[in-house]
Amino acid sequence: MGDESDNLTASDDAADPAPVVSPSPLEDAETLAQLRELLVGPERQELAKLRERLASTRAEAQDIASLLPQAITIREQEDDQLGRALSGTVEEAIQTSVKNNPQPMIDAVFPVIGPAIRKAVSEALAGAVQSLNQTLEHSLSVKSLRWRMEAARTGKPFAEVVLLKTLRYRVEQVFLIHAESGLLMQHVAAEGVETRDEQLVSGMFTAITEFVRDSFNTHESAGLRTMQVGGVTVWVERGPHAILAGAVRGSAPAELREVFQQVLEDIHLRHGDLLESFTGDDSETAVVEPELQRCLVSAAQPGSNRKVSPAFLIFVAVIFGLLIWAVVAGVASNRQWAAYVERLESTLGVMLVEADQNWWGKSKVRGLVSPVAKHRPDEILAESGIDPDEVVQRWESYPTLEAPAAPAPEPVEEEAPPTLLEQAAVLLDPPDSVSLHTVGSVLVAEGRASHAWIEQTLSRLGALTAAGMTSFDDSGLIDQDMEDLQNYAGRIEACVVQMPSGSNLDMAGQESEIEQMLRDVADAQTLAASMGMQLRLVVAGHTDKTGDAEQNLVLSRERAAAVAALIRERLNEPPMLEEMGMGSDEPIVPDTMSPAEQQRNRRVTFEVELAALR
Amino acid sequence: MESRKICMLGAFATGKTSLVARYVKSIFSEVYQSTIGVKIDKKTVEIDGRLLSLILWDLAGEDDFVSVQMRYLRGSSGYLLVVDGTRPDTLETAKMLHERVVTEVGELPFVLVLNKADLTDAWAIGDSSSDYLGLREKALATLHTSAKTGDAVNQAFEDLARGVLA
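Which chain is which? The protein sequence lines are G and A, in order. Using my numbering, the first residue of the first sequence is number 1, and each one after it goes up by one. Using my numbering, the first residue of the second sequence is number 1001, and each one after it goes up by one.
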């Protein structure tokens, strides 16, 4: 105020030097007011505004609103007092909000609650998989063992291998359906999947859902989650504004439902406004198609894209190569062997009796070879390319071929295959007393031959069947040795050694007959031995009817024993002898004849038998 | 393309399914209607240069034993209210159904269809009926149709389509 008085005084002095006139009191007040307005007016107005603002609630709210975010941020950085102070209020606010209208809260937490639930479910499933793993580890089926081997080979957990092996599915179609109207918002389908009118399918699906919900009085927010028909399963996930339905063919893993959930949540999160305001125009919701495409997943058929380790491939290749080599080598070996056998068979002078090819051991060939054969079997084997160490050969020379001085066969003769008769002649080498000829495929032998030649011939006939012989006719063939033996036997059996009456065993007067009998026995014995047989001579004693039968039986035995003793005495190698006493049972002269005639009944007779030589 | 859900409402045996069959070529069996209470068809129409797919929900008819499930009308853009012109009781049912829609779903545009117009001798609904007049006043349009001859069938659906787009 002092300054104002000074300024007023100075101004007055300068403007008006006239004498000072005292104003009236009223004028003073106005002047003072004007002066006050000039001097402190702006400040007073600011003061009034401040007063008004302090008195106004709205202004306070505006101030707080502008400061509150910053204030909260600052306080949060300092301590947790603000959070604790607001917790009760916030909880009450949420409760009130949910009680009044839960939908906004549901919409808000939907994108968040889904992952949280899935995480919990995943942990539960992990435990279940672990349990499954333990169960499977105790199973011993062939399939599980095979999977276990694969797990060991690939280094994957056994449960994972089992999971992979059992998954076969394909998501064929995915529908995004307006929750309220059932109108189709978007639809995607896997390549090659034939679809019907997806809008109608969408509507019908919604109708079925409503039908089920209505039929079983389920909660409004509940809905059909799974439909399964045949090999197709429809999995349904519901959101506040849209429903996602996926048609899955095959057996899909539980993780696929998580994919569906995630996609539906993402669509709500990114395009919530679009879903909420949907009026039926699917072009507006085309933006969600890439999201839906994420649902079109599939698992390949087991083993179709399985990675195979290089070692396994090499192993398979080696096995395959060995198999091919075995087949090729087998075919080549067969051809080589066949050519070798064919050459043996076509070589003149070589008679192949047996050819046995053995894959796993040594092969065998057996036959006859003529000393004049053009090619020796060893040469043929060496030229065949077959390892000689792998073939066991048994070649025997033709038994009767003793280097005949026959000229070397003409080349022309080699060209013609030998006839059955020619081969028989070479193989059998018949003696001059035997003639061979053929009647068709029948080989006929006629004449006389030694028993040994006949036996050898019979043993070689098998080889001739390879030359085309069907049978061997030996009806005209005479066994000379057997015939001689039968002659000996006939003469021996015709010999009768007469005995005097009574117990006298004197054989005097019969020396020449006995000597002949002894020679015949000796020759027959020798011949039989050469034929592989043994001579057995039965010596039987006889009496006439005179006297006691018992005594006659004893006497007959004594007569047989006397002759047998004579044979043993006279022969160096006597045959087997059997002494028999026949008594008077086999008389050669009836008792009605004269006693002189009945003398012939007192005798010793012989019977020849042949036995196989042991 | 734009789509709209349209419902067929009316009493039992008023000709709703015949009207739809006359209008569209169905791909679903009619067994659905008797089993789950609804069969869905589609018809694409061009309204003032705009292509529109009408998804037709043919609901099982209302009678003494079966009540129309209003749940099926959720999200519907409109409906055809079908009356059998030879049966006055079906007009009463239509009026009742309309009131239920308003109560449980809300006001929706609808076209009142008096079907079986070919049966002129048996026609039993007079123009002065209060129920008729009341519904006619609220409807987008009122048409006499015949599923048998096809009279006014297309127009009924197209009038409704035009109404829901308005």
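A portion of the hints provided could be inaccurate.
[Unchecked claim] Here are the simulated DMTMM-like cross-link-like pairs (lysine to aspartate or glutamate), alpha carbons at most 20 Å apart as the crow flies:
#1 A/K1043 with G/E597
#2 A/K1042 with G/D197
#3 G/K99 with G/E78
#4 A/K1043 with G/E342
#5 A/K1043 with A/E1002
#6 G/K545 with G/E597
#7 A/K1042 with G/E180
#8 A/K1042 with G/E194
#9 A/K1043 with G/E198
#10 A/K1138 with A/E1158
#11 G/K374 with G/D432
#12 A/K1148 with A/D1121
#13 A/K1042 with G/D281
#14 A/K1095 with A/D1127
#15 A/K1148 with A/E1137
#16 A/K1042 with G/E342
#17 G/K374 with G/E342
#18 G/K364 with G/D387
#19 A/K1043 with A/D1127
[What the hints assert, rightly or not] Estimated spans, in silico, between C-beta atoms of each pair:
#20 A/R1050 with G/L86: 22 to 28 Å
#21 A/T1149 with G/S283: 46 to 52 Å
#22 G/E191 with A/D1121: 54 to 60 Å
These aren't lab readings, by the way, just hints derived from the structure by calculation. Since we're looking at a predicted model, the values are computed, not measured. We put the beta carbon where it would ideally sit given N, CA and C, even for glycine.
Consistency of the hints with the structure:
1. A/K1043 with G/E597: Distance ~144 Å between A/K1043 and G/E597 Cα, so the pair is violated.
2. A/K1042 with G/D197: Between A/K1042 and G/D197 the Cα gap is close to 9 Å, so the pair holds against 20 Å.
3. G/K99 with G/E78: Violated. G/K99 to G/E78 sits at ~34 Å, over the 20 Å cutoff.
4. A/K1043 with G/E342: With a Cα-Cα distance of about 87 Å, the restraint between A/K1043 and G/E342 is violated, given a limit of 20 Å.
5. A/K1043 with A/E1002: Holds, at about 12 Å.
6. G/K545 with G/E597: holds, 12 Å
7. A/K1042 with G/E180: holds, 18 Å
8. A/K1042 with G/E194: holds, 19 Å
9. A/K1043 with G/E198: holds, 13 Å
10. A/K1138 with A/E1158: Judged against 20 Å, a Cα distance of about 18 Å means the pair holds.
11. G/K374 with G/D432: Not OK: G/K374 and G/D432 at ~26 Å, beyond 20 Å, violated.
12. A/K1148 with A/D1121: Between A/K1148 and A/D1121 the Cα gap is close to 15 Å, so the pair holds against 20 Å.
13. A/K1042 with G/D281: Cα-Cα ~15 Å, so holds.
14. A/K1095 with A/D1127: Holds, at about 15 Å.
15. A/K1148 with A/E1137: violated, 27 Å
16. A/K1042 with G/E342: Distance ~85 Å between A/K1042 and G/E342 Cα, so the pair is violated.
17. G/K374 with G/E342: holds, 15 Å
18. G/K364 with G/D387: Satisfied, since the Cα-Cα distance of roughly 12 Å is no more than 20 Å.
19. A/K1043 with A/D1127: Roughly 31 Å between the alpha carbons, so the hint for A/K1043 and A/D1127 is violated.
20. A/R1050 with G/L86: 22 to 28 Å: violated, 52 Å
21. A/T1149 with G/S283: 46 to 52 Å: violated, 37 Å
22. G/E191 with A/D1121: 54 to 60 Å: Check passed, 59 Å falls within 54 to 60 Å.
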